[in-house]
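S.K.: Fit chain B to the supplied structure of chain A, relying on the hints for placement.
Quick mapping for you: the protein sequence lines, in order, are chains A and B. Each residue of the first sequence is one higher than the one before, starting from 1 at the first, in the numbering used here. Each residue of the second sequence is one higher than the one before, starting from 1 at the first, in the numbering used here.
Treat the hints with care, as some may be off.
Which bits of chain A does chain B cover? Going by a derived footprint, with three or more residues having C-beta under 8 Å, they are [claimed, not checked]:
1) 149-162
2) 192-206
3) 217-225
4) 245-251
5) 270-279
6) 289-296
7) 312-318
Just so you know, these hints were derived from the structure itself, not from any lab. From a predicted model like this one, the values you see are computed outputs, not experimental measurements. Ideal Cβ placement from N, Cα and C applies to all residues, glycine included.
Next come the chains, spelled out residue by residue.
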Amino acid sequence: MEIELLRTACMCQTVICCRVTPLQKAQVVELVKKYKQAVTLAIGDGANDVSMIKAAHIGVGISGQEGMQAVLSSDYSFAQFRYLQRLLLVHGRWSYLRMCKFLRYFFYKNFTFTFVHFWYGFFCGFSAQTVFDEWFITLFNLVYTALPVLSLSLFDQDVNDWWSFQYPQLYTPGQLNQYFSKRAFVYTVLHSGYSSLVLFFIPWAAMYDTVRDDGKEIVDYQSFALLAQTCLLIAVSIQLGLDTHYWTAMNQFFLWGSLSVYFAVIFTMYSNGMFLTLTSSFPFIGTARNSLNQPNVWLTMLLTSVLCVLPVVAYRFLRILLWPTINDKVRYKVRQDKVLPPTPRRVQARRTSTRRSGYAFSHAQGYGDLVTSGKFLRRTPKSRPALFSQTDSPLAQTQPQFYRTISEREEPPLSP
Amino acid sequence: MMASSYNAKEEDRHQPGATGHVGSGTMTNKMPDNTAFKQQRLPAWQPILTAGTVLPAFFVIGLLFIPIGVGLFVTSNNIKEFEIDYTGVDMSSPCYSCSQSYSWNNTKSCTCSVPFSLDQPFESNVFMYYGLSNFYQNHRRYVKSRDDSQLNGDKTSLQSPSKECEPYRSSDKPIAPCGAIANSLFNDTLELYYIDPNGSRTAIPLVKKGIAWWTDKHVKFRNPSGNNNLTVVFQGTSKPVNWRKPVFELDPSDSDNNGFINEDFIVWMRTAALPTFRKLYRIIQKKPNNMTPTLPRGEYILEVTYNYPVRSFDGRKRMILSAISWMGGKNPFLGIAYITVGSVCFCLGLVLLSIHYRYGKRNSADISS
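Bound-form chain A, shown alone (with noise of 0.2 Å):
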């Protein structure tokens, strides 16, 4: 019987429910949970929306008519009902894209910076030595990529909120789970495989059985780490600069600052003060100052990162040219209108919501006649402004609808 329901009310666009019990709310939820494998949100005021609210995926609770029963179950909370159309159109499509970014960067940068190591295993004897300085090692996930990643996830948007409104289907994406999925994810290794390829074998072959500009050494462990991962790192940053849609001040300070920084570090790290202090932990000294004076390091530092980032340029743009998203003609449609701006839209006058719904359904005689015959007048509320004078119903006033307050005195029963 059950799936029948389930069955004819998915072949409607809305659905509606009424007379329900708590219990029966929570049914419902659970039964598409159970057979529509979908993402529910259930939202809900009041204390008989407890259960749906927590049967549900999300669960919302609108605060205040009804009191905090509600948002105290709830996922996510707010005021007004209309909220829910920017929490989900807004703030949540915003949440999906940042989290699918910075999971897809952060599995590219982390599978280069390990498949790297793979191949020079091949040069090692395979005796696990490390491409890169251990001081790197410590420091890339903690210091180097740490602050450029934390400002794409908190700042970057695709569109702005006024135009996540105008194009609600910009929504479908995170609902068929397109951002991050196996494949993507599959996508992201293949590309770490190809980056890592490129940024092992390149300055191995740049740096094949040649010297210094002065004929001393330049393809020792140390000069020869020291750019691989200066390699590295400028490959995976300018990853991320391709990968931010919104650059904010933040974006720019801490993607420059944390490569500023880098370099900073190796400066201090390599130097002759920080050597003589604590002689075993900085065996590197020397290396920055001799190896980053010679045009041919630098040489194959610019050629290996635009050999990572074109082969990445030249898909997204095809992809954009030729398949494009709801996202990329959005955002394209945006740049257009910021050369020609728009006119301003008129601000519609705010209509009060107070009033929870516009509609009442009811298959008896209802309460109006309590209301109606006055009943309640005969005790006037302590805290309340004179409100039943009249006997037409509030809503035929088109005021805002108020709370009866449930006087002690045993009500007469009603007649059906």
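M.R.: Chain B only, in chain A's frame:
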């Protein structure tokens, strides 16, 4: 249930208080600040990949990389380099007998002479390298096997070297310098002689200083202080197992090149990153007048004192004479790579331009759901 009074004008700006007891009339405002930061309206640059940015970038990179590549390639081709393998693998090679008869305890060293000829004269400073192949100086256990404090002249480390040096740490007395890297110091001696057309041999002067990094020679490697006589300073330590002479006899004639600061030793201790590598051995300085080339065309002889065994691990030894340019030694890879990447980039730019021309109107289509 509570009664909450609302006013149509106020409800958009205030939220009901957390307690819900509104009867008292006080309302707590939980609305977040309307700042650009908290409302996520920070001013930002929002780039998108349009044809106007991507295609010029491809063309610029292509046009930039190709000349750089050509420059690198031409420079590399102009660097003169000569290499000769003197391991003695074939029976016909001069050093075959030396490579076969090898033992660590030989008091008499084996010498062999390898003749070669240079087709082109070498101008300016010529750098002489020894190269090894299939020698894994980058093996993890090997790389760790050193004591930088001891090499920096620390007295306590001199007498008790680090544990990382095991098993080359001590043999009845602590070893100075300890570790596998020091123990495997390259000890072949190479000498060059020029054969005049009339048959006489002239030795070519080889400069043995100035081959290590300045920071290595002056900061990283220091002899233990205390006495100018290094024999006294290194008392109580023994030489590494596979060395013939102790460290204070590496160059007794020059106190600035003896002990830990011996430049050949320093060059060896800077471990190579790859299994095939070359290390600077000597420098042949250019002649004071610019008329005569440093190494004229003709016949030469390389005299090798064959001390270093490489046959057991199938390694190879070679001697390399090389000139130097602003990009270092002879390596055509970077030039070829730049030319390749530049042309691929340019072609890709053309391809993308044609695709954009044909299909590029899609973005202006209406946005459907």
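S.K.: Which of the stated hints cannot be reconciled with the structure, identified by number in ascending sequence?
M.R.: none
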